[in-house]
Structures are given as structure tokens and as C-alpha cells.
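*Asks:* Here the protein sequences line up with chains A and B, keeping their order.
Mapping to the working numbering: the first sequence position 130 is 130, numbers consecutive.
Positions in the second sequence are counted from 1; adding 1000 to them yields the working numbering.
By construction, these hints were calculated from the structure, which means they are not laboratory data.
Glycine included, C-beta positions come from ideal geometry on N, C-alpha and C.
Be a bit skeptical, because a hint or two may be false.
[Stated by the list, open to error] Residues of chain B placed beyond 10 Å of chain A at every Cβ, according to the derived structure: (1) Y1059; (2) L1166; (3) E1203; (4) P1204.
[Unchecked claim] Computed footprint of chain B on chain A, listed as stretches where at least three residues anywhere in the stretch have a Cβ under 8 Å from a Cβ of chain B: (5) 45-54; (6) 90-98; (7) 145-155.
[What the hints assert, rightly or not] Straight line, CA to CA, 20 Å or less: simulated DMTMM-like cross-link-like pairs of lysine to aspartate or glutamate: (8) K1089/B x E115/A; (9) K1110/B x D38/A; (10) K1110/B x E146/A; (11) K1177/B x E1205/B; (12) K1170/B x D1128/B; (13) K1206/B x D1224/B; (14) K196/A x E146/A; (15) K198/A x E4/A; (16) K1125/B x E146/A; (17) K1105/B x E1060/B; (18) K1084/B x E115/A; (19) K1012/B x E1164/B; (20) K1084/B x D1095/B; (21) K1105/B x D38/A; (22) K1177/B x E1061/B; (23) K1227/B x D38/A; (24) K1170/B x E1142/B; (25) K1206/B x E1164/B; (26) K1206/B x D1095/B; (27) K77/A x D38/A; (28) K1105/B x D1128/B.
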Amino acid sequence: MAEEKRVLKSTPGARIVHWSHCICWFILLFTGLIMFTDWFSWLTPVFGGANGANLFHRIFAVIFAAVPLIGLIYKPKSFIGWMKEATTWGPDDIKFMMMFPFDLLGFKVFMPPQERINAGQKFNSIFFPLVCLFIGLSGVIMWFAEIFPLWMVSLAYPIHDLCWILGTMQLMFHMYLGSLHPGSGESFWAMFGDGKVKARWAKHHHTKWYNETYGDDE
Amino acid sequence: MANKGFLVDTSKCIGCRGCVVACKQWNQLPAEYSEFKGSYQTIPDLTGNNYTIVTFHEYEENGRVEWYFAKRQCMHCLDPACMKVCPQKAISITDTGAVVRDNDKCVGCKYCAAACPFQIPRYNKETDKETKCSLCTERTAEGVLPACVKACITGALWYGDRDEVLGRAKERVSELKGEYPNANVYGETEAGGTNIIYVLADEPEKYGFEKEPKIPGPINAWQDVIKPYFPWLIALTGAVSVISFFSTRLLGAGKEEAHEGESIDG
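Only chain A is shown next, with the shape it has when bound in the complex (with noise of 0.2 Å):
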């Protein structure tokens, strides 16, 4: 049997810096956690303590704001590309996002041709690197607390736990939605694999984008 057609849908740059945040956003998670609640006070000896864990935490903040930021100058025409998808959005885009919790429950409904990024993913693609830019910007403001005047400080705290809160939320969905929602199938490989999807899932779930790319192909 031939093997299937399959299509490039994440460069590698996209797929580093996926990867990297989806390491960094659990560590940074559950070492942020230790200091929220006690709920999470088992975790502790994980890290060698409360100490250890904001250690790891800072270490680990390091890695998640230098990867993309690195990207960022290397290749800033990517990132600037991405935007330019995410904040494109047109009627399909607003009619899928309307029957959109209508087919997440699994009824049978019309959505709308997507491009290679569907307006869940836009939305997706503007609600995280925000979050991230937010929970940098007041982290930076927290470690150094002492350099910074204190109403940046006061409100760097409840800034960083409103959008980790926010992020994780999101993150629920994102997961999900990525993984066993039975319409992501192929999306999965497409960040964590070889950044390529199956020619036929590319055709059916983004349609637009794939006709546009790939249609001359056929």
C-alpha cells in the first residue's frame, strides 16, 4: 500500500518553540503551584523544598521566555507571519467560532472552510503569546521586586496569577482539543511529530489554506 500523502502544516521553528512551552508551562505550573495553595504541598520534596522549587522556577522561566524570544530575532518574519494569520479574520472565521460549541459537544453542524489555522487556533494564537507576554512581563517584576516601584509590584502578583489562571484555562481546552477531541486527529502530529499531516485531514479540516497550498498538486 502507498504510503498516504502528507503535508507540511508546522515549520520546525514552530514546532521548538511549542515544544519548549509545553515543558515549561507544567514545570512552571506545578513549581508556581507550591506557592498558591497548599493543595500542592506534596509536590514540594519533588524540588527539594519551597526554595528549590522557585529554583526551578526561575531556571525554567528563563528557558520559556529565551526560546521564543530567540525565535523572535531569528526569525522574526515567521512569528510576524503567524500573527498575520491569527489576526486575519473574516465571516468563516466568525461562523465557525459561533457553531463552534455546537460541534466541540458533538452535534452534526456546517463549519465553515478554515485556512491553516482555524479561528479556535487563532484565537488560541492570540490569547497565549498575550498571556506569556503578561506572565513575562510581571514575573520580571516579582524576581526583581526590589528595583521596581511598589504599585508594579503590587500588581505584578495578581497579573501573573490571573493569566496563568487564564492560560491553564485556555490550556484545558487547547490540550484537549489538540489531542482526543475526535476532529484533531491529525493536528496532534503537526506539533509534536514531524509537523506534517495527512493530505486528505488537511483537505477536509483546513481546507482553504490546503487548496491554497497544495491544490495545484492534485
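Position chain B against the provided structure of chain A, taking the given hints into account.
*Replies:* Frame of chain A, contents of chain B only:
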């Protein structure tokens, strides 16, 4: 046990800083060098190695320089914001009302510094801990006066039950009213009341105090709204995902292929 604290009678303070030295000696805190900035106040601010200082506030009044001295240290609030925000529960109130830190539990996160309505806790880089006055709990437990009170030569500091301290403060203010019409008691109700009570000869602002010290608004929002309620959003999206996992499979049973690969839009 009744709350205990001390009176800082600024009208009796001569700015000798004996209290500062006694504090540093008792707590074995190293000296820190400071630069002369045109004021006799040798230590510019509280630091991780200075739990108490005397601030010098100089004003030109009636054709001469008037000095307003105010000893600064932890106010030992009755309802301490630092204790509320501490994620390690390293701050507690003793049975005499002193607000104390557990050095072993403290991780130097500086949350307390941001929450304190008096901006007292300071970070010590060498120990990676937040520091502040403990009201010499280890001394008072043995029936000895706090180091600063013991050292005060003019009687500007007086340690005792909070009620008694407050009584003395009010008495002293009524004495001062003639010469200092703005004399007032500071600490009775400020920030919910403190165990350290001041007799100020003039408006609090003149001593560098805030008239109405408050916990910063964002800190309250953080503690009272974001921390207790917002994490439920994570549970909500998590629950919806789990529901979707089952409902998509129930509703899509037998039509898996259609959803997966072929076409639902014709």
C-alpha cells in the same frame, strides 16, 4: 494573653539612635555603609540588615530648622496583611500579638513586602529571606524588654499591654496639645490597629507616615477574588473537555469516519 506593644513618643525622641544600635546588636546584624546625603539620618531606609531606623524629617519652621524624628520598624498589625499573603504560612501572631516570621519557612518571595500597608519587610540578599522586627519575642517571652526599648535613654519608648500603651499615648497627646495643636495618636485604628502606638507631635505626613495606610488595592483583589475563585475556571474548561470527550463519541457513534476524514460539508 493581652496584646503587648510599645509606645513611640516622638516628642521625647532626641534621635540618638541607641535603639537602632541595640536592635542590630541583639539581632547580630552586620553594619551597612551609607553615604552622606545632606541629612543626619545615617541609615537612609530599612534594609534586610536594619530592622529599625530613626527617620529624620527636617523642616524650616519659624525661621529655624525643626526636626521630626520617628523610629520605624514593623508596626505589628492586629490584622497583618503580610500574614495573609504569605504562601508558606511563615508569618504568625504570637499570644502577645507580635507578628513574627518563621525563618525556616520563609522562602524570600517578597509577597509580604508588597502587601504591607507600612512598607516594612525587606529582602536580605545574603540569606534570601524577607526580614523585619519581631518585637523581640524571644526577649519578651523571658520577661526582658525589647532591645530598642531597653536602650532608649529618654523614655520615648515604653513597652507594655497595648491598652496601657494606648492610655499613655492619649494622656501624652492631651499634654502636648497646648504646644503642639496637631498632636495625635497613630496606630490605634490605622490599618486596622497596630501594637506599636505612636505619639506624633504633628500630622503623620510630617513623619513620613501615611495618614491612612492601606493594603494596596491589587493585593486585595489578588487575595480576595483571584486566588479563591478564578482557579475554578480551570476546572470548568477541564470538565467541559471531559464532557465533550464522551458526548462527541456518543453523538458521533457510527459516523466516526465522516467526522475524521471525509466530508461533512459535502
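*Asks:* Hint by hint, note whether the structure agrees.
*Replies:* Structure-based check of each hint:
{"no.": "1", "hint": "Y1059", "verdict": "holds (25 Å)"}
{"no.": "2", "hint": "L1166", "verdict": "holds (29 Å)"}
{"no.": "3", "hint": "E1203", "verdict": "holds (22 Å)"}
{"no.": "4", "hint": "P1204", "verdict": "holds (18 Å)"}
{"no.": "5", "hint": "45-54", "verdict": "holds (count 3)"}
{"no.": "6", "hint": "90-98", "verdict": "violated (count 0)"}
{"no.": "7", "hint": "145-155", "verdict": "holds (count 7)"}
{"no.": "8", "hint": "K1089/B x E115/A", "verdict": "violated (51 Å)"}
{"no.": "9", "hint": "K1110/B x D38/A", "verdict": "holds (18 Å)"}
{"no.": "10", "hint": "K1110/B x E146/A", "verdict": "holds (9 Å)"}
{"no.": "11", "hint": "K1177/B x E1205/B", "verdict": "holds (18 Å)"}
{"no.": "12", "hint": "K1170/B x D1128/B", "verdict": "violated (40 Å)"}
{"no.": "13", "hint": "K1206/B x D1224/B", "verdict": "violated (33 Å)"}
{"no.": "14", "hint": "K196/A x E146/A", "verdict": "violated (47 Å)"}
{"no.": "15", "hint": "K198/A x E4/A", "verdict": "holds (7 Å)"}
{"no.": "16", "hint": "K1125/B x E146/A", "verdict": "holds (11 Å)"}
{"no.": "17", "hint": "K1105/B x E1060/B", "verdict": "violated (47 Å)"}
{"no.": "18", "hint": "K1084/B x E115/A", "verdict": "violated (49 Å)"}
{"no.": "19", "hint": "K1012/B x E1164/B", "verdict": "holds (18 Å)"}
{"no.": "20", "hint": "K1084/B x D1095/B", "verdict": "holds (17 Å)"}
{"no.": "21", "hint": "K1105/B x D38/A", "verdict": "holds (14 Å)"}
{"no.": "22", "hint": "K1177/B x E1061/B", "verdict": "holds (18 Å)"}
{"no.": "23", "hint": "K1227/B x D38/A", "verdict": "holds (12 Å)"}
{"no.": "24", "hint": "K1170/B x E1142/B", "verdict": "violated (29 Å)"}
{"no.": "25", "hint": "K1206/B x E1164/B", "verdict": "violated (26 Å)"}
{"no.": "26", "hint": "K1206/B x D1095/B", "verdict": "violated (33 Å)"}
{"no.": "27", "hint": "K77/A x D38/A", "verdict": "violated (44 Å)"}
{"no.": "28", "hint": "K1105/B x D1128/B", "verdict": "holds (12 Å)"}
Checked against the numbered hints above, the structure breaks hints 6, 8, 12, 13, 14, 17, 18, 24, 25, 26, 27 and satisfies the rest.
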